[in-house]
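Protein chains: 2
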Amino acid sequence: MFDQHGDTLTRAMKAIAERGYWSAYPESPSPRVYGEGAAERGKEAFESYLGKPFPIEQQGTGLWIGAERSPYGMELGVTYPEPSPEQLVDLAGAAMPAWRDAGPQERAQVCAEILHRINQRSFEIANAVQHTTGQAFVMAFQAGGPHAQDRGLEAVAYGLAAMTAARSHARWEKPAKGDPLVMEKTFTVVPRGVALVIGCNTFPTWNAYPGLFASLVTGNPVIVKPHPGAILPLAITVAIAREVLEEAGFDPDLVTLAAEEGQGLASQLATHPDVRIVDFTGSTEYGDWLERNATQALVHTEKAGVNTVVVDSTDSYKGMLGNIAFSLSLYSGQMCTAPQNILIPSDGIQTDAGPKSLAEVAADLAAAVSRLLGDDARAVELTGAIVNAGVLGRVEAAPSLGEVVLESRAVTHPAFPGATVRTPVIVKLSQADEETYGREHFGPVAFVIATGSTEESLAVLRRTISSRGALTASVYSTSPQVLEAAERAALDAGVNLSCNLTGGVFVNQSAAFSDYHGTGANPAATASLTDPGFVAGRFFVVQSRRHA
Amino acid sequence: MFDQHGDTLTRAMKAIAERGYWSAYPESPSPRVYGEGAAERGKEAFESYLGKPFPIEQQGTGLWIGAERSPYGMELGVTYPEPSPEQLVDLAGAAMPAWRDAGPQERAQVCAEILHRINQRSFEIANAVQHTTGQAFVMAFQAGGPHAQDRGLEAVAYGLAAMTAARSHARWEKPAKGDPLVMEKTFTVVPRGVALVIGCNTFPTWNAYPGLFASLVTGNPVIVKPHPGAILPLAITVAIAREVLEEAGFDPDLVTLAAEEGQGLASQLATHPDVRIVDFTGSTEYGDWLERNATQALVHTEKAGVNTVVVDSTDSYKGMLGNIAFSLSLYSGQMCTAPQNILIPSDGIQTDAGPKSLAEVAADLAAAVSRLLGDDARAVELTGAIVNAGVLGRVEAAPSLGEVVLESRAVTHPAFPGATVRTPVIVKLSQADEETYGREHFGPVAFVIATGSTEESLAVLRRTISSRGALTASVYSTSPQVLEAAERAALDAGVNLSCNLTGGVFVNQSAAFSDYHGTGANPAATASLTDPGFVAGRFFVVQSRRHA
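Protein chains in written order, with the numbering used here: chain H, 1 to 548; chain Y, 1001 to 1548.
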């Protein structure tokens, strides 16, 4: 039925080994790519959900719940079936054997078909992502659509590669006195058990698809528990998955939606004795709780961290400022990969525009951000809206943390007057303020931190990232020695490093099939999205042997 | 320095994918294989350790400890440096960066050289295994020597395969308006952190080598904490590893010995915040404790289980009885893979020797064991000695559990009059006695269990193994339908199955590079020894990228 995805899967498996550029789903929202009217149809599909029960046939308590509100100002009014956790786990378990028996190749084909249909509905999902996360539309389309789909396919490819690395049949022939001992052996992939994906508020699809597809392709049913503020993008995803599974002859309850308004459903499900896999993206506090309490499960978490920029010197001062300003502004710093701590020697840096004092670098960075976000209509297409009250509170509290280099600005959205839009605040700290910069201030809050030297900057990076984690680090230097020292510091701290980004690549962006997102080697995450370690443990091999 | 192991590693990596027969280290203790005088020199080397401090230069508290006693009757009197846990962890951490920087290939070469030198000292280690575990000499040589070495090499191969599955350098070239975006990316393997291997009493080398070499090859320093009753085989192993590491220019503290007399050193080390990997073989109780409490670490455990034989019918009645009798007798059932629960329909079975009632099968099995172990001198070469008082206590308690089909017999060892030798006890139970047969009675204790039918036998297998775990299961049937049903039951229970073993292959034996030991899919173990899931999470990949 879905044989047309064979080439895609083969190509994806090649890509995960080569780690060069490759993408299965076009990131351009152009009508030349997705067809005339696709954008309009997607918007209509999104609007058709508003104020109504979401069209999904799934067992539950009979109640319909949901309290999503767009960061752009309006209530969504979509409701979802309230689930019974026990029932969801039972339904998932009952659906598992037939899915196991389908085998790795068929499961991968079905997963590829699910992703293909998700891709066809990228505009619809983009609107849902925009109005649950506050992302600007283009970002919601790219990160919530094709980029998330690529990460999902990447997880399928890793799963398929892992499941097929060894043969499924072998003939064992051991030399012996007289006749050799000969046995026929069969090796069957079996799933670990019911999987739970706990979604986040800011990237509901991008952060959920790797866990969802890694578990599904390896034979596990998946319960998808979205953040109460970002249900719709995953509800659409789940509905598509159920539709494809049913068409392929499987039980749609292999993928179910566990919507809630915030009653602690995640903890109930994550500690259920029959839930054997948990994937979570969110706060360090809750991630740590899961790691300590869901000990019956394989737990993968992506948590907070202190993303760091080390500024030593540059041969492209303007390029550096523009690049950092963009990284701070994109989605108002509400990316788990956005830089927070910008470490600069207190006696300034050498640049192609001459030596610059720390005060000058800070002021020039502030000016670069102001310039980038000077025009309200263009600014909101970069910043989007503030996702929730927690982020807003941190932006408002930031001036009390130190000397304000750049004030946050409230911007009125030309199209959505109810949107909460804030530009980044930059606060100057000294190296001694580790209590402040040593923890994450998620949102548009950045620190310029005066250090004794670049060597001390690298010591701060090593120390803070080893203890608090980070998803990204970057360094600017014209010195090969400093770049090498930065690479060693990044290896010690276990963080991915970008060097001298001054053009169209930003530290907050990671490309599926080439860049690893997170490492597992620091407290911000337990594994990369996605790598062999991310799929391992989601399945086992059971053998049967008999004399030939 | 160790380039000669390149071919061995290449061959091993081929073997783990093909899963046919392959072995790197010959299992025959013949002088034609290991050389004239090798056996004698090994025995002398072993005897040279007795009653003295073990020759290892390692920091510690200054005290020398050790209280090993041979199950064959004598005190060993070997002492080892008493370690300070904090110091061991610090030494390990300090040794790590240079080992990381050596990279996967060099680490694999060093590991292969360690294994090569261990292999050269197989006779010495065999004597040490014999006199700490109670295994008979040939088994101590094979399972404690070449078979353990093969499992170690298998772990090295899985580690190397996992670390090199993706390229370490890539050029990323993304089409863009104007010039493409081009980046050079470097991917570096970094270790998870300090590893701990907790050894067991019965198979100190075989069960420790997979974790030891999986952690070491992936860049982690390893602290080896032997069982207080079986230190010597691992002390020799650690000394060899340290010698090779030092010759190769690395810090010998990458592998250290943590000897104890039973003061709870394992718990201290396993919950140390800087210990990031724990491999354990032993009791379910302590394994479960580790899984719940060492949450800062990746924990792999191999625990107890209820290994099961389903007897439905056979076309080789004599072969079946002989095969099961051998499996029960080998090392007095003190193998984690030895069968315990033999499920037989209460109305008997069909065989090539005519129909047999349950009572007949039980009596014939008892007779087969008695015949196999009738001659004391030959019996002890199969049973070895009882490893410790716990096992002896269970043998002595077994008759109270049900109707005794075969009494255990105390055998006087012709060469070691102080040895505690016991033949298996077989007790008949009914299907209703699940309280008794539903838990492990580690040692030479087997149950013949009357079930309502083979279908009910398979239901018992499914239920007991799903809830209590098992490392092995086997089935005897002439019916393809029953064999298929048994295979499905084994998949559901997540246990490796052997079908109709009537010749020279026994259910308790698993061959490295072909058979998986354990699955991870039932409570007896968290992963197979060894497979990709066993090495995953022991290392991470950290990337660095810059514009080309």
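Just so you know, these hints were derived from the structure itself, not from any lab. Backbone N, C-alpha and C fix where the C-beta goes; we use that ideal spot for every residue, glycine too. Just so you know, not all the hints are guaranteed correct.
Calculated pairs, BS3-like style, for lysine-lysine (alpha carbon to alpha carbon, straight line, at most 30 Å) [unchecked claim]:
(1) H:K318 <-> Y:K1177
(2) Y:K1177 <-> H:K14
(3) Y:K1356 <-> Y:K1318
(4) H:K177 <-> Y:K1043
(5) Y:K1177 <-> H:K43
(6) H:K174 <-> Y:K1014
(7) H:K177 <-> Y:K1014
(8) H:K318 <-> Y:K1174
(9) Y:K1177 <-> H:K177
(10) Y:K1014 <-> H:K14
(11) H:K14 <-> Y:K1318
Restraint ranges, calculated between C-beta atoms of paired labels, are given here [said to hold, decoys possible]:
(12) H:D288 <-> Y:Q1268: 18 to 28 Å
(13) Y:G1390 <-> H:Q87: 40 to 50 Å
(14) H:G393 <-> Y:R1488: 33 to 43 Å
(15) Y:A1389 <-> H:E435: 49 to 59 Å
(16) H:A165 <-> Y:G1393: 51 to 61 Å
(17) Y:S1267 <-> H:A94: 35 to 45 Å
(18) Y:L1050 <-> H:R463: 43 to 53 Å
(19) H:K52 <-> Y:T1164: 49 to 59 Å
(20) H:E173 <-> Y:L1050: 56 to 66 Å
(21) Y:G1390 <-> H:E173: 36 to 46 Å
Evaluation of the provided hints:
1. With a CA separation close to 21 Å, the supplied pair H:K318 and Y:K1177 stays within the 30 Å bound.
2. Taken as a hint, the Y:K1177 and H:K14 pair is honoured in the structure, with Cα atoms around 26 Å apart against an allowance of 30 Å.
3. With a C-alpha separation of about 12 Å, the suggested pair Y:K1356 and Y:K1318 falls inside the 30 Å cut-off, and the hint holds.
4. For a cut-off of 30 Å, the pair hint linking H:K177 to Y:K1043 stands: about 28 Å separates their Cα positions.
5. With a CA separation close to 28 Å, the supplied pair Y:K1177 and H:K43 stays within the 30 Å bound.
6. For the hint pairing H:K174 with Y:K1014, the CA-to-CA distance comes to about 17 Å; that is within 30 Å, so the pair holds.
7. With a CA separation close to 26 Å, the supplied pair H:K177 and Y:K1014 stays within the 30 Å bound.
8. In summary, the hint linking H:K318 to Y:K1174 is supported, as the alpha carbons are separated by about 23 Å, within the 30 Å threshold.
9. For the hint pairing Y:K1177 with H:K177, the CA-to-CA distance comes to about 70 Å; that exceeds 30 Å, so the pair is violated.
10. This hinted pair checks out: Y:K1014 and H:K14 have alpha carbons roughly 19 Å apart, not beyond 30 Å.
11. At most 30 Å may separate the alpha-carbon atoms for a hinted pair to count; H:K14 and Y:K1318 exceed this at roughly 52 Å.
12. H:D288 and Y:Q1268 have their C-beta atoms about 23 Å apart, which keeps the hinted 18 to 28 Å range intact.
13. Checked against the given bound of 40 to 50 Å, the beta carbons of Y:G1390 and H:Q87, roughly 44 Å apart, stay inside it.
14. Separation of H:G393 from Y:R1488 is about 56 Å and departs from the stated range, judged on CB atoms against 33 to 43 Å.
15. The given range of 49 to 59 Å is respected by Y:A1389 and H:E435, whose C-beta atoms sit roughly 55 Å from each other.
16. Take H:A165 and Y:G1393: their Cβ atoms lie about 44 Å apart, and the range 51 to 61 Å is violated.
17. Taking 35 to 45 Å as the suggested C-beta distance range, the pair Y:S1267 and H:A94 conforms, at roughly 40 Å.
18. As the Cβ distance of Y:L1050 to H:R463 is approximately 49 Å, the hint placing it in 43 to 53 Å holds.
19. Take H:K52 and Y:T1164: their Cβ atoms lie about 53 Å apart, and the range 49 to 59 Å holds.
20. As the Cβ distance of H:E173 to Y:L1050 is approximately 42 Å, the hint placing it in 56 to 66 Å is violated.
21. Between Y:G1390 and H:E173 the beta carbon distance is about 40 Å. The supplied range of 36 to 46 Å therefore holds.
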